[in-house]
Structure formats: C-alpha cells, structure tokens
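Trainee: Protein chains in written order, with the numbering used here: chain A, 1 to 78; chain B, 1 to 583.
This list has only true hints and no planted wrong ones.
Below, simulated EDC-like cross-link-like pairs (lysine to aspartate or glutamate); rule was C-alpha separation at most 20 angstroms, straight line:
(1) A:K51 with B:D198
(2) B:K298 with B:D252
(3) B:K40 with A:E43
(4) A:K51 with B:E193
(5) B:K311 with B:D295
(6) A:K11 with B:E4
(7) B:K580 with B:D515
(8) A:K14 with B:E5
(9) A:K11 with B:E5
(10) A:K11 with A:E43
(11) B:K200 with A:E43
(12) B:K200 with A:D47
(13) B:K200 with A:D59
(14) A:K7 with B:E5
(15) B:K200 with A:E49
(16) B:K425 with B:D515
(17) A:K14 with B:E13
(18) A:K4 with B:E5
(19) B:K200 with A:E56
(20) A:K7 with B:E13
(21) B:K16 with A:E30
(22) B:K174 with B:D124
(23) A:K11 with B:E13
(24) B:K200 with A:D55
(25) B:K155 with B:E94
(26) B:K539 with B:E550
(27) B:K421 with B:D515
(28) B:K365 with B:E49
(29) B:K368 with B:D346
(30) B:K537 with B:D563
One-sided excerpt, in silico: chain A residues whose CB lies under 8 angstroms from chain B:
(31) K11
(32) V12
(33) H42
(34) V57
What follows is a set of in silico ranges between Cβ atoms, one per label pair, in the way DEER data are often shown:
(35) B:Q329 with A:S19: 52 to 62 angstroms
(36) A:F77 with B:Q329: 56 to 66 angstroms
(37) A:S2 with B:K20: 28 to 38 angstroms
(38) B:P263 with A:I54: 36 to 46 angstroms
(39) B:D322 with A:S19: 48 to 58 angstroms
(40) A:F77 with B:S186: 36 to 46 angstroms
Hint data in this document are derived by calculation from the structure and do not stem from the laboratory.
Note that CB positions come from ideal geometry on N, CA and C, so glycine has one too.
The residues making up each chain are set out below.
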Amino acid sequence: MSEKLYKIISKVMKIPIESIIDTMGPKDVENWTSFNGYVLLHELETDYEVKFTIDEVLDVTTIADIKRHLKNKGIVFD
Amino acid sequence: MNSEENLSYYINESQKIKNKELKNKTKIAILSSYTHNGLKEIMDVKCVENNILATIYEGAYNQFSQEILDQKSNLYKFQPNILFLLLDSRHIFEDLYHFPDSKSISQKKSFVKERILEIKHLVDFFRKQSNSMIVVSNLNIPSDSSYGISEQKIKYNLSEMIQEFNSELISSYKNTDNVAILNFNSFISKFGENNVFDPKQYFFGNIQINLTYLPNFGNELMKFVISFLGLGKKCLILDLDNTLWGGIVGEDGYDGIKLGPEPPGNAFMEFQKTILSLHHRGIILAINSKNNFDDAMKVIKNHPHMILNEKYFSSIKINWNDKVSNINQIITELNIGLDSVVFLDDDQINQELVRTMLPEVLVPKLPKDPSMFSKFLQDIIQFSNLKITEEDKQRGKMYAQQKMRNELENTTTDLTTFLKKLELKISIKEIDSFSLPRVSQLILKTNQFNLTTKRYQESEIEKMINDENYFVGYVNVKDKFGDNGITGVFIIKKESKKIWNLDTFLLSCRIMGRDIEKAVFTYIVNKAKYHNIEQIKSKFIPTQKNKPIENFLPNCNFKKEDDEWTYMIKSELKLPEYLKLEK
Numbered sequence: 001m002s003e004k005l006y007k008i009i010s011k012v013m014k015i016p017i018e019s020i021i022d023t024m025g026p027k028d029v030e031n032w033t034s035f036n037g038y039v040l041l042h043e044l045e046t047d048y049e050v051k052f053t054i055d056e057v058l059d060v061t062t063i064a065d066i067k068r069h070l071k072n073k074g075i076v077f078d
Numbered sequence: 001m002n003s004e005e006n007l008s009y010y011i012n013e014s015q016k017i018k019n020k021e022l023k024n025k026t027k028i029a030i031l032s033s034y035t036h037n038g039l040k041e042i043m044d045v046k047c048v049e050n051n052i053l054a055t056i057y058e059g060a061y062n063q064f065s066q067e068i069l070d071q072k073s074n075l076y077k078f079q080p081n082i083l084f085l086l087l088d089s090r091h092i093f094e095d096l097y098h099f100p101d102s103k104s105i106s107q108k109k110s111f112v113k114e115r116i117l118e119i120k121h122l123v124d125f126f127r128k129q130s131n132s133m134i135v136v137s138n139l140n141i142p143s144d145s146s147y148g149i150s151e152q153k154i155k156y157n158l159s160e161m162i163q164e165f166n167s168e169l170i171s172s173y174k175n176t177d178n179v180a181i182l183n184f185n186s187f188i189s190k191f192g193e194n195n196v197f198d199p200k201q202y203f204f205g206n207i208q209i210n211l212t213y214l215p216n217f218g219n220e221l222m223k224f225v226i227s228f229l230g231l232g233k234k235c236l237i238l239d240l241d242n243t244l245w246g247g248i249v250g251e252d253g254y255d256g257i258k259l260g261p262e263p264p265g266n267a268f269m270e271f272q273k274t275i276l277s278l279h280h281r282g283i284i285l286a287i288n289s290k291n292n293f294d295d296a297m298k299v300i301k302n303h304p305h306m307i308l309n310e311k312y313f314s315s316i317k318i319n320w321n322d323k324v325s326n327i328n329q330i331i332t333e334l335n336i337g338l339d340s341v342v343f344l345d346d347d348q349i350n351q352e353l354v355r356t357m358l359p360e361v362l363v364p365k366l367p368k369d370p371s372m373f374s375k376f377l378q379d380i381i382q383f384s385n386l387k388i389t390e391e392d393k394q395r396g397k398m399y400a401q402q403k404m405r406n407e408l409e410n411t412t413t414d415l416t417t418f419l420k421k422l423e424l425k426i427s428i429k430e431i432d433s434f435s436l437p438r439v440s441q442l443i444l445k446t447n448q449f450n451l452t453t454k455r456y457q458e459s460e461i462e463k464m465i466n467d468e469n470y471f472v473g474y475v476n477v478k479d480k481f482g483d484n485g486i487t488g489v490f491i492i493k494k495e496s497k498k499i500w501n502l503d504t505f506l507l508s509c510r511i512m513g514r515d516i517e518k519a520v521f522t523y524i525v526n527k528a529k530y531h532n533i534e535q536i537k538s539k540f541i542p543t544q545k546n547k548p549i550e551n552f553l554p555n556c557n558f559k560k561e562d563d564e565w566t567y568m569i570k571s572e573l574k575l576p577e578y579l580k581l582e583k
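Go ahead and model the full structure; you've got the sequences and the hints to work with.
Mentor: Written out as structure tokens, the structure reads:
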C-alpha cells in the first residue's frame, strides 16, 4: 500500500517516488507549503476514503506522521 | 458525484502551460475576502482548455478594498481585463452572521445599507480607473441559523439581510455593461452547502470552498471569461437515436421510440426542452444522424411529443454519410467556423471520430443515463452569454430563413438574379445605446469577414460614441425572407479634415456573399465626399480566419503602399440596382 501513498505524495509535492523517506517534511521538500500540505491530506482523504480531524491535520510534519494517522484509520502499509 | 479532476491535477497541469502559443489571451485578477489558493491554477488550466492563455493576478488575502482603492496598487499595475471580486457573508456581516438579533431592526437596516454602499463604492471606484470588466459575487445565504426554526419569526433575520444585500447588488448593476454578478449563492445551492463548506478547511485556513468543489467554482468563473472574450459556442449539432429520443427509429419504429410523458421518454422530452431554451437564447440547431431520412423526419414532423420541430433546425443531415462529412457540410451551409460548434451524440465511437478528425469542435461526453442529459447540457459552460441581445433571440429563426435563401440560391443560376430575387434592403445607422450591445458582440465575435479583427470591449466603443473623432456605424439587412438584424459594423477614425481611417469593417457570416459590403462602402464614400474628405485609408490585418475579406480593399479600388491601403475619393459612388439603401 506504500506505493499508492508514495504516488500521491510524489504527484502533489512534485518529488520522485524513490526520494521519499519517512522523516521527510516541509524543510526537505520545496513544494511542501502549508497549503500543499493540506492539499496532500485532502487528496489522501479522497483516495483512501478516510477523514482526518483538524488535530491530525495540524499534527502532520513528516511522511511518518501521515502513515501513522492512516494506520490508525485501518490503512495497512508494507 | 463530482466529475472534476482533483486539485493536484490542476496544480501540476498549470506548470506545463508556460510559453504555450494560444489564439486568445487575457489578464484576470482575483480579489477575495477568503482564501482561494488553487483557484489560479484551476483557471490557468481551464482557460487553456478553452484556447485562452490567461495571466492571473491574485490579490493578497482579504486586501480587496485596499487593492481597489489604491490607484498605485499591484492590481492597477497589472491592468486586468477581468476582475473577480469574491465575497462571503461571514466576512461582510461580521458579528451579525452569528448574532443576527444583537441589533435593532433599524440598526440592522443601516448596517446592510452601509455594506452595500461599501461594495458599490469599490465597484464604481474600479470602473472609474479601468475599462475592464468587474464580476462581483453575491453572498451565500447559510442554511443553518443560530436561531434554528425560530429564525423565520425574527424580524429582518440573517437570510432577509443577505437577500436584501444580494437584490440591491443585482439591481444596481442590471443595466451596467461592464459589471456582472456571479451568483455564489446559487453555486452553493447547486452543490450543497454541506459539500461546498467544509468546516475543517475553513478553520484550518479560511478556505470557504472545499478543495473538491474548487474546480466547479472555476467553471462559474470561466463562464464570464468565455463570454467576455466572445468565445461562446454558436451552434449545437445533434444526433437523433438515443439522443433526442430513446431507441432507434429504424428498428423500434415510429411508435416504439421512447419519447413522451412516461419514463424514460420524459427525460428525452426534458432534454429537448433544454435544447429549445438554448435555441431561444440564440444557439443554432442542426441534426447530424445516420438514419433513413423518411423514418427520422416522420418523428420530427409528426410525433406528438417531439418538442424540437423541423422549424427549429437550420440544417438537417439525415443520411448514411459519416458524421464528420455531415458536420463539414453543416458549417459550410451555415457559414460558421468549426470552433463555434458543439456536437452531441450518444455513440462514443462517433464522439471520438469527431474529436479526432475535427479537434476544433467541442464534443462533450454525453452521460449514459438520459435522465442526466438535460442537467448535463445546462452545465456546458461554453454556451454562456453575459447578455442576450434581441439578435440572439432571433438568431435561430434567422438561420431557418437562411435555409430558405439557400434553397432559392440553388434554384437560381446566376448570382445577380439571385440577389435581385432576394429584394435586399440595407439600412445603415450611427450607433446608439440600443444598438451598442449587439455592435460590441459583433466586434468581439466576427472572424471571417473582418478587415482588421480589432476587438473592442463595449466600454471602449461607448467612449468612441462620445468622441467626435470617431464614427461608429452599423448595418441592418432585410430581404424578402425576413430581417437579418444588425449584421455589420464599421468604425471610422477621423484622422484629419481630409483623411478618414477605416479602422474596423466587418459583416456577420450570416449575410456574406450578397454584396452588402459594396453597399456599405458606397455609403461610407458618399458620406466622406459630403464631408469633403479626400482619402480613406485602411489596413488589412490577415488572420487564420479572415480570408473571405482579403480582396475587399483591392475590389473597392484601394491602392496599396507598404502595408497601408488608400482610396482616393473623386466622385460619389452608385449602388448596383439589386441593392437598396434605406434612408
């Protein structure tokens, strides 16, 4: 399931899939602005059919955070 | 179900646009009382989809008043062609939004009045600084009230306040040409407040339009852009079987097709009604169907539930030819460009064939379910019109008359005899406020018989009316089949006491090929002679589409020097006997 997640991150943040690592956040990705970060979560909500709470939205600072919140909603990653 | 792409699609696509060469260019400014991140990228892409290269300026968040009232602001430096001023009721109504009963009725009345005056002041201030179009959104009326069901018992409640604001905004600018109102409240109703307004997005970043629905909102803005640039479609070409009625007439028979008050025939009737309403707005209708002519015509002429009778169609192609050849024949008959055409056919192979062979034609993907046809047609943004002129309302009828003219032409062997039989009557008048909208529309839309293809906005033409150095004339043509309406325009710039410049000269494709240009030019020369003018100068600016007018200047005996053409006025000109100039 990581492949699907990485494809969405790659598309929104305009970074190659191979470069994505769990510790990555706004400091490492030029396009990871506050708005684009929200766009990413919004697209994940649509594609995984889940909803993030506003606390979860504000909590996300890395890819690992996104994975953690998705896992809490029952999404399984390899 | 939302058929729009995700926002990230638009963000990615917008980055591929740089350096694209497109036929139409425009500058759009967006000022707003709320965050509209992503709207620029959506507009970039949607403009390109409509052959428009847009440069878009976004004002800083909630700085719309400062931007408009400061003549040195970036907004004025940018010089937009269209300004969108997007407002929301939370911002405008401040605390009254949540506590509508916190003030007395008279205080609330004066509050609403002040808010309206503020917005009107902004609009009027902008209009004084700029000739551009300004589109202001009205305000959304929230479905929930802090007073619950008792809201309706409160005197001058929030809904009533917002309704008054909206009504006042609309009535203030009903007759103002370069101000338009975007119905934001209808947009919210259409997609549903619970869908469009996402509290999480609002509290996260004052995002008033859920990112999922932002592309739909972009469509609302595009309607104004398309219409402003005169790029609206003129003609709807329709298939018959499973498009205008359910089933296949050749197989199911006259009595077996689905068309009538029972489902699913009622969905096809509704679709036909929506098409007819487009026709009443000036869209030309044509048929392109693979069928036995007699089978299909029997339905069109006699079926009791057929809304679209034969008289509404300006061209009918019912045969076994391919759809592309038929479309080519239709546009030749109607004298319109392929890029004016929308083609609707239920068959996906036909859709793809036309998309591939005639890429200028818009071929929307008709839904599979006929109950969605009517709604689908209403959502085609390319049929948008900022204003419907009298000519628009009559256009369908005029093209039907054209069908009769063509039949006369086919039975007449030489052109002069045909023109004599037409009994042409031409009247030429100076533009006034009544003719201004139609004259402006012709200047923005005419491509083929257009000498210079200069596009002037209505406000610019209005200035010419009041400028003694210009003469703007329009041409009305009648013949024995009916009135063609205002179908020609010319603009003369008076360069000196001896020289006039023919800045603009155009005729609608509807009246091309009838020597009307000779009558108009005769009028101009004789008028010039009367004013002791010695020379008329002009230029031919070639485009991809104006080949039909390329010989106009030499045919009128203009002589070319460098890129300028000059006509030396010696004596008055006389008209051929088949042309009558009405005084």
